[in-house]
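K.L.:
Single-letter residue listing:
2 protein chains.
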Amino acid sequence: MQFASTGSHSEGRPAGRAVSRQVLADHVYEELLASLMDGRLEPGTAVSIDGTARELDVSPTPVREALARLEHTGMVRRVALKGYRVAPVFTREDFAELMEARLAIEPVNARLACARLTPGHLAELERAVADLKDAPRGPSFAEFRGYLEADERFHRLIAEQTGNQFMVAAYAALGGQIQRFRLFGGVGITDADHAIAEHQAVLDALATGDPEKAAAAMAEHVQKVRGRAIADAPAE
Amino acid sequence: MQFASTGSHSEGRPAGRAVSRQVLADHVYEELLASLMDGRLEPGTAVSIDGTARELDVSPTPVREALARLEHTGMVRRVALKGYRVAPVFTREDFAELMEARLAIEPVNARLACARLTPGHLAELERAVADLKDAPRGPSFAEFRGYLEADERFHRLIAEQTGNQFMVAAYAALGGQIQRFRLFGGVGITDADHAIAEHQAVLDALATGDPEKAAAAMAEHVQKVRGRAIADAPAE
DNA sequence: CATCTTCAAATCCTATAGGACCGGGCGTGG
DNA sequence: CCACGCCCGGTCCTATAGGATTTGAAGATG
Chain A
96 MQFASTGSHS EGRPAGRAVS RQVLADHVYE ELLASLMDGR LEPGTAVSID
146 GTARELDVSP TPVREALARL EHTGMVRRVA LKGYRVAPVF TREDFAELME
196 ARLAIEPVNA RLACARLTPG HLAELERAVA DLKDAPRGPS FAEFRGYLEA
246 DERFHRLIAE QTGNQFMVAA YAALGGQIQR FRLFGGVGIT DADHAIAEHQ
296 AVLDALATGD PEKAAAAMAE HVQKVRGRAI ADAPAE
Chain B
96 MQFASTGSHS EGRPAGRAVS RQVLADHVYE ELLASLMDGR LEPGTAVSID
146 GTARELDVSP TPVREALARL EHTGMVRRVA LKGYRVAPVF TREDFAELME
196 ARLAIEPVNA RLACARLTPG HLAELERAVA DLKDAPRGPS FAEFRGYLEA
246 DERFHRLIAE QTGNQFMVAA YAALGGQIQR FRLFGGVGIT DADHAIAEHQ
296 AVLDALATGD PEKAAAAMAE HVQKVRGRAI ADAPAE
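In order, the protein sequence lines correspond to chains A and B. Here the numbering used here runs 95 ahead of the position in the first sequence, where the first position is 1. Here the numbering used here runs 95 ahead of the position in the second sequence, where the first position is 1.
Errors might be hidden in some of the hints.
Since the list gives no way to pick one copy over another, a pair counts as held whenever it fits inside one copy or between any two copies.
[As the list claims (entries may be wrong)] Mimicking SDA-like on lysine to any residue, the simulated pairs with C-alpha atoms at most 25 angstroms apart in a straight line are:
#1 K319 / V174
#2 K319 / Q260
#3 K319 / S130
#4 K228 / A245
#5 K308 / A182
#6 K177 / E125
#7 K177 / R232
#8 K177 / A302
#9 K177 / Q260
#10 K308 / V174
By construction, these hints were calculated from the structure, which means they are not laboratory data.
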């Protein structure tokens, strides 16, 4: 899994440049990100620098750099001289706070995106909703991973279509966490039918070109997600 | 967001451990952050890893880690194998986008903060406004630095008093940039009197305990800041 | 049995070395 | 005069080495 080894063979690159000289730290970053998203690294477990370096067959330096970037996303936390740990699971309060923040930001995104929507953007959103419908929804994490990806993509696309880099940044500050809230209690996807219908409603509202309708549809979606998740939450 | 600052050397912790031993990378991070905030590093200039390592008399490894963290704040940008550069200056469009985002987030923060305001919080806010009034307002950056710091502190305190970690994160995604927009055209502080009055109005609205009043006052403040800045903007 | 000491392994953190690439100055040939 | 190649310093990137610190457990002691 670790090509790009510096120990090149006798001859240099054959013709043309090597596709794109890659930075090892980027690979480590994506590898760790995938491990976190897939749930292979459970919340609370330590992420040893030397350990992952050995596991990925690289030196600790790129691992250190990758973890420094991950820390700012909230996926891992760092204690001064003790190393990195996967951020703890969401509590019910965390979830409520997340939904409060989404309710403040995402309707605004929908309103702004609606004003400058292009047919190309609309097609991308339709594809995301279609992927949402087609995605498998099994009980294991690997199975509903595609579902979560399409869900996140839908919301991220709307954020990007605002054309406002700061709204994208604000959404991104939440986005990384949005994936993880599903681990909250380990409940799977039980509300797919409702969620798909709401996404479709948001899409339709955007297509009408009325910003207020779009914002209202998004607000309703977020509120309903919150309501269902609270209902499904495991009893403490 | 510069808590966890490794204190100099206050020894003799009664029963606790010595304050987290200083990690060199943290020191480099704060040093770079200060240089960026003070304008000693102008936008567009390259930030050499080896160079700053020599300048700060450390090895490149901590510098690399500090820059990896800074990248996620938007203060510096990294090109794959070419190094880091200070993010470019704000254009008029960037500024408009920033204000749009602030207008979406900050009134919500004011509303939420108002609902759970304590006397202690109120005192901190009053201190921030007082500092704003007392701060010098000269033409050079070093002179109105205290003013900017108090301004940012006021808004950050409100974000933190929402008690919602995600609203803090969303604000922080903007906060690092808020400092820099003053460089937009190099205009100094020309609207201090108006701004101070508006901050006072926000504070008064918070003190009444009416969340809607607080949100409205904050929205008015942000809108007026936008209006004044556009009026002051240098002609292209 | 409980508690403290001590030691060894693991880990974090920093420094240093070396490979690969880029850009500029300089000399030689046309 | 201009073009081309070469050298060289600078930089990024990764690997490796070694000091500093925490942790966990074995062993000693009351």
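K.L.:
Look at each hint and say if it fits the structure.
P.N.:
Structure-based check of all given hints:
In this assembly of identical chains, the alpha carbons of K319 and V174 never lie at most 25 angstroms apart, being 37 angstroms within a copy and 41 angstroms across copies at closest. When the C-alpha separation of K319 and Q260 is checked against a cutoff of 25 angstroms, the pair qualifies only between copies, where the shortest distance is 22 angstroms, while the shortest distance within a copy is 27 angstroms. Within a single copy, K319 and S130 get their C-alpha atoms no closer than 30 angstroms, and across copies no closer than 46 angstroms, so neither meets the 25 angstroms cut-off. With identical chains, the CA atoms of K228 and A245 are at most 25 angstroms apart within one copy only, with a shortest distance of 9 angstroms there and 50 angstroms across copies.
For the identical chains of this complex, K308 and A182 are neighbours neither inside a copy (37 angstroms) nor across copies (37 angstroms), given an alpha-carbon limit of 25 angstroms. Taking identical chains as interchangeable, the C-alpha atoms of K177 and E125 lie at most 25 angstroms apart whether they share a chain (23 angstroms) or sit on different chains (20 angstroms). With identical chains, the CA atoms of K177 and R232 are never at most 25 angstroms apart, being 38 angstroms at best within one copy and 43 angstroms at best between copies. For the homomeric pair K177 and A302, neither the shortest alpha-carbon distance inside one copy (51 angstroms) nor that between copies (42 angstroms) is at most 25 angstroms.
Taking the shortest alpha-carbon separations for K177 and Q260, only the inter-copy value of 24 angstroms comes in at or below 25 angstroms, while the best intra-copy value is 35 angstroms. Taking the shortest alpha-carbon separations for K308 and V174, neither the intra-copy value of 45 angstroms nor the inter-copy value of 40 angstroms comes in at or below 25 angstroms.
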